[in-house]
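Just so you know, the sequences run in chain order B, V and F. Residues 1 to 359 (our numbering) make up the first sequence, in order. Residues 360 to 671 (our numbering) make up the second sequence, in order. Residues 672 to 974 (our numbering) make up the third sequence, in order.
Read the hints as simulated data drawn from the structure, not as lab findings. Careful, some of the hints might be misleading.
Per label pair, the in silico range of CB-to-CB distance [to be verified]:
hint, chain 1, residue 1, chain 2, residue 2, range
1, V, Asp-435, B, Arg-32, 49 to 59 Å
2, B, Thr-48, V, Ile-462, 44 to 54 Å
3, B, Ser-339, F, Thr-856, 47 to 57 Å
4, V, Lys-489, F, Met-878, 44 to 54 Å
5, B, Leu-92, V, Leu-368, 40 to 50 Å
6, V, Ala-664, B, Ser-339, 50 to 60 Å
7, V, Pro-667, F, Thr-919, 53 to 63 Å
Just so you know, even glycine gets a beta-carbon here, dropped at the ideal spot from N, CA and C.
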Amino acid sequence: MSAALSTPASTPVDPRDRGGPAQPMLLVEDLRKHFPVRGGLLNRQVATVQAVDDVSFSVRKGETLGIVGESGCGKSTTARLLMRLVEPDAGLVTFDGDTVGVPHGISINEMRRQMQMVFQDSYSSLNPRMTVSESIAYAPYMHGLPARQAHERAEALLGQVGLNPRTYARRYPHELSGGQRQRVNIARALALEPRMVILDEAVAALDKSVEAQVLNLLGDLKARFNLTYLFISHDLNVVEYISDRVLVMYLGRVVETGPVESIYSHPRHPYTRALFASKPTLDPDRRTTEMPLTGDPPNPINPPSGCRFRTRCAFAQAICAEKVPPLEAPLYGEGIGDSPHLVACHLPEAQAAMGVHHA
Amino acid sequence: MLVFAIRRLLQAIPILLGVSLVVFGLVHIVPGNPIDMLMPPEASPEVIAQMKAAFGFDKPLYVQYFLWLFRAMQGDFGLSVFNATPVMGQLMVALSNTFILAILGASLGFALGITFGMTAAMFHGKWPDKLFSALATCGVSLPHYWCAIVLVLAFSVLNDFLPAQGMGDDSLPLYQRLEHLVLPVITLSLIPMGVIGRLVRATVLEILGQDFVGALGAKGLPRWPVIRHVCKNAAPPVLAIMGLQFGYLLGGSILVETVFNWPGSGNLLNLAIYRRDIPVLQATILVLASFFVMLNLMVDIAQAAIDPRIRR
Amino acid sequence: MSEATYDLPSTRVAAAEQPAAPTPGYWKSVGQRLIRDPVTMFVTFVLLGILFITIGAPLVTNGDPFTGSVMTRLKPIGTPGHWLGTDETGRDLWTRICYGGRMSLLAAILPVSIALVVGGFLGVVAGFVGGKIGNLIMRVMDVFYAFPSILLAIAICGILGNGLRNAIFALAIVFIPPLVRVSETVTAQARQLDFVEAARASGTTTMQIIRHHVLANVLGPILVYATSLISVSIIISAGLSFLGLGVTPPQPEWGLMLNSLRQAIYVQPYVAALPGLMIFLTSMCFNLMSDGFRSAMDVRLNK
Numbered sequence: 001m002s003a004a005l006s007t008p009a010s011t012p013v014d015p016r017d018r019g020g021p022a023q024p025m026l027l028v029e030d031l032r033k034h035f036p037v038r039g040g041l042l043n044r045q046v047a048t049v050q051a052v053d054d055v056s057f058s059v060r061k062g063e064t065l066g067i068v069g070e071s072g073c074g075k076s077t078t079a080r081l082l083m084r085l086v087e088p089d090a091g092l093v094t095f096d097g098d099t100v101g102v103p104h105g106i107s108i109n110e111m112r113r114q115m116q117m118v119f120q121d122s123y124s125s126l127n128p129r130m131t132v133s134e135s136i137a138y139a140p141y142m143h144g145l146p147a148r149q150a151h152e153r154a155e156a157l158l159g160q161v162g163l164n165p166r167t168y169a170r171r172y173p174h175e176l177s178g179g180q181r182q183r184v185n186i187a188r189a190l191a192l193e194p195r196m197v198i199l200d201e202a203v204a205a206l207d208k209s210v211e212a213q214v215l216n217l218l219g220d221l222k223a224r225f226n227l228t229y230l231f232i233s234h235d236l237n238v239v240e241y242i243s244d245r246v247l248v249m250y251l252g253r254v255v256e257t258g259p260v261e262s263i264y265s266h267p268r269h270p271y272t273r274a275l276f277a278s279k280p281t282l283d284p285d286r287r288t289t290e291m292p293l294t295g296d297p298p299n300p301i302n303p304p305s306g307c308r309f310r311t312r313c314a315f316a317q318a319i320c321a322e323k324v325p326p327l328e329a330p331l332y333g334e335g336i337g338d339s340p341h342l343v344a345c346h347l348p349e350a351q352a353a354m355g356v357h358h359a
Numbered sequence: 360m361l362v363f364a365i366r367r368l369l370q371a372i373p374i375l376l377g378v379s380l381v382v383f384g385l386v387h388i389v390p391g392n393p394i395d396m397l398m399p400p401e402a403s404p405e406v407i408a409q410m411k412a413a414f415g416f417d418k419p420l421y422v423q424y425f426l427w428l429f430r431a432m433q434g435d436f437g438l439s440v441f442n443a444t445p446v447m448g449q450l451m452v453a454l455s456n457t458f459i460l461a462i463l464g465a466s467l468g469f470a471l472g473i474t475f476g477m478t479a480a481m482f483h484g485k486w487p488d489k490l491f492s493a494l495a496t497c498g499v500s501l502p503h504y505w506c507a508i509v510l511v512l513a514f515s516v517l518n519d520f521l522p523a524q525g526m527g528d529d530s531l532p533l534y535q536r537l538e539h540l541v542l543p544v545i546t547l548s549l550i551p552m553g554v555i556g557r558l559v560r561a562t563v564l565e566i567l568g569q570d571f572v573g574a575l576g577a578k579g580l581p582r583w584p585v586i587r588h589v590c591k592n593a594a595p596p597v598l599a600i601m602g603l604q605f606g607y608l609l610g611g612s613i614l615v616e617t618v619f620n621w622p623g624s625g626n627l628l629n630l631a632i633y634r635r636d637i638p639v640l641q642a643t644i645l646v647l648a649s650f651f652v653m654l655n656l657m658v659d660i661a662q663a664a665i666d667p668r669i670r671r
Numbered sequence: 672m673s674e675a676t677y678d679l680p681s682t683r684v685a686a687a688e689q690p691a692a693p694t695p696g697y698w699k700s701v702g703q704r705l706i707r708d709p710v711t712m713f714v715t716f717v718l719l720g721i722l723f724i725t726i727g728a729p730l731v732t733n734g735d736p737f738t739g740s741v742m743t744r745l746k747p748i749g750t751p752g753h754w755l756g757t758d759e760t761g762r763d764l765w766t767r768i769c770y771g772g773r774m775s776l777l778a779a780i781l782p783v784s785i786a787l788v789v790g791g792f793l794g795v796v797a798g799f800v801g802g803k804i805g806n807l808i809m810r811v812m813d814v815f816y817a818f819p820s821i822l823l824a825i826a827i828c829g830i831l832g833n834g835l836r837n838a839i840f841a842l843a844i845v846f847i848p849p850l851v852r853v854s855e856t857v858t859a860q861a862r863q864l865d866f867v868e869a870a871r872a873s874g875t876t877t878m879q880i881i882r883h884h885v886l887a888n889v890l891g892p893i894l895v896y897a898t899s900l901i902s903v904s905i906i907i908s909a910g911l912s913f914l915g916l917g918v919t920p921p922q923p924e925w926g927l928m929l930n931s932l933r934q935a936i937y938v939q940p941y942v943a944a945l946p947g948l949m950i951f952l953t954s955m956c957f958n959l960m961s962d963g964f965r966s967a968m969d970v971r972l973n974k
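Extracted from the complex, chain B is given alone in its bound form (with noise of 0.2 Å):
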């Protein structure tokens, strides 16, 4: 076993933490990426998808971000967009200071090393003509650990996500179930021992009680290597279980962002309320009267000007048509600390913060 693996989570000394715990690992901004649509007779491009439009965010060092939003609403697209599986077409991503991919920053392929990704899908993320231990012993051979040592620590990762290496080391991606697949995906992610890892959607395809036990490996495995999270799902509940913060996003852009607690108690935001409004509840107290989101988001081809919720939005006004609401800090609110907790909206009510509590 490495070094670096054994780590205990209470000596957070990693001599790759270049600007100490109060630079955020992960500074992104005004991230941009329009898909191009082709068609019309020539098949010339006739329109563009905003898939993702000028998002802005940071990730902080050993905090779990979690991301929700609506399918479509440009969540994964973020996520390859931080991977540099996708070019963005601008933006800034700043990783532990470093500017990445430009001259004197870090090199996207550095950056590849300390922030690692786990997909949604936990079939199709996975070689099925490796055994288990070739995938996860993979990424570190490519990088040049001998072999010998690169299937030393993928047995000792399999351990470490719960699956016993002697039995599945040399299995085949569809001798496993479901949850066992995914705990490969993470150990092949943690495989290079990065100091970030970005969970698109990891546990959305589980069963529940598989996801939970997921979820806590999860919480075991960031205490352990000291990691810091980005957690992309569309299930409210299991982000307010996982995260220290949220970013919600709609239409590719950012609505509203901050402290779990804050925004799950006090949403501002007219589509977090609506979003919230559609969460399942058993708790009697927490009941809302607050209206569910009806229809579908709009055509992200062709999104409306101004706030782009305002065609769904029961409070919508003129201003709201022509003006793009910036994510700021509310006029009242809980106070600008050290997580602030942000929305884009224009509307007083949002602002203040009025009549927007589950009662």
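Given chain B's structure and the hints, the job is docking chains V and F onto it.
Structure of chains V and F alone, referenced to chain B:
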């Protein structure tokens, strides 16, 4: 839908141009001039030059190509260098003869293939399935020129039931001329039967395994309406392969036509190769290939009309 | 390892009591499934038999495929000394079928092999790189795809002239486009799978991804498709010779033999059909073998 059809039509244009370029280029990758090959060795240089000028073989290649293409688009393929008659006339006669065979062969093959495929799928795993699957495998592996010979053997040589050569004279009564069709049509139907049969079986089995069919049954729909739903979903892939198969019958009938001495386009192509009659050769290949392209086009559009998912 | 609360109960039991049951490698399990498939095994034996009587022709027949005698012209099946009869110049048919298979198999398998290398390469490039290069490759293939295969083969052969080499060349040209298409499709599919993305996300280079992740998953389907193409190739290549465009007389070749015996159909009907039967048999065996490979390679059909 209209946009899809027009866009698909526009996409066919570069392909057709490419096809014409290949057909034209093929003839000219062989060293030597078509006239040189045709003229007797003792012919005087002046006569050869005259001949070249008469057929347009003296101009630079690209000029020849555009002249040929321009005329071809107007249906003028020049004169045959073998008998100096217009190529177009010969080709039209030959093509219509081939069409008769291909349409009848395809219809018979498709009908049998669909019947067999559906039956096999309905009786999945039982003896009709095994029998038809074996038949279909035979069908796709059959060298149809050999099959033609076997049929001639069985129906003309060993028993004098049916004529084996040519398509009969115009003077013959209708039923006798129809008799000439029987053996070639059966031969041609075997491959489409095998291909379509296998495809229908596989497609129907796949659809039968999908959830919505179970839902239809659970809804209490009787067997026949369920089959109708299945057919509607199986149609697009089957249709696509049918179009391809019909094209193969047109282009591939050359071997069968040779066995039955059927005066179709395949026979014409064969003769043109032996006579080194370049204009006829080019025209036959170009027309058959263009037809194949157009056929694919129509199939695509028809598919999109049935299945809206294909339209983009 | 700490006392992990997340440990699944089953793994704890397994650790102590069961020695790890090593699962066989992928290709080994494919092999096991093939051996358990009687049809595939049978046709493989038939093909091996055909291969034996053709390559080892001198071992199974004493005759000479080129010399016949006027005295023994067109003898029926079962003639003493010529158990499959003789052809129109009195040559022993069994001998000619054995020797003829060499040409037929060569003219069928070689073009597919050439097309497999060329078409497979172009297809994997087009499928993985995509973009302008991929588009260019695919559009050029579309043009060749626009010809029905037999027509294209006959056209090329007819213009280049007859002969084995031209026939092989023509067939290779015919089979490149479908192989490019199949390999492009499977490669493009494999490229989209998350494990390729995951490999990219851990900094694997493009060449390494192609070698370790794409090829292994793509080679199987491409090879299966190539096997099924051989069954078509046998029919077309013999067809070319049947038209007099492939192998030239007096070389023995099944298609050519079928054509020359066709003239004798009224004299010795059964003998005339024999070479075609060989073409049919070989083609069908390749077809069934390809079916067997396909189902044996499908991992998800496992058990």
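Quiz item: Does the Cβ distance between B/Leu-92 and V/Leu-368 fall inside 40 to 50 Å?
Solution: holds, 46 Å
Exercise. Note whether the CB distance of V/Ala-664 and B/Ser-339 lies within 50 to 60 Å or breaks it.
Key: Holds, since V/Ala-664 and B/Ser-339 (Cβ atoms, about 57 Å apart) stay within the stated range.
Quiz prompt | Pairwise beta carbon distance, B/Ser-339 to F/Thr-856, judged against the given window 47 to 57 Å | solution = holds, 49 Å
Quiz item: When you take the CB atoms of V/Asp-435 and B/Arg-32, is the distance between them in 49 to 59 Å?
Solution: holds, 57 Å
Exercise. Determine whether the Cβ-Cβ distance between V/Pro-667 and F/Thr-919 falls within the hinted range of 53 to 63 Å.
Key: The hinted range 53 to 63 Å holds for V/Pro-667 and F/Thr-919, with Cβ atoms some 54 Å apart.
Practice problem: Kindly confirm whether 44 to 54 Å is satisfied by the beta carbon distance between V/Lys-489 and F/Met-878. | Solution: holds, 47 Å
Quiz item: Do the Cβ positions of B/Thr-48 and V/Ile-462 conform to the proposed distance bound of 44 to 54 Å?
Solution: Roughly 48 Å apart at Cβ, these two residues keep to the hinted range, so it holds.
Violated hints: none; the structure is consistent with every hint.
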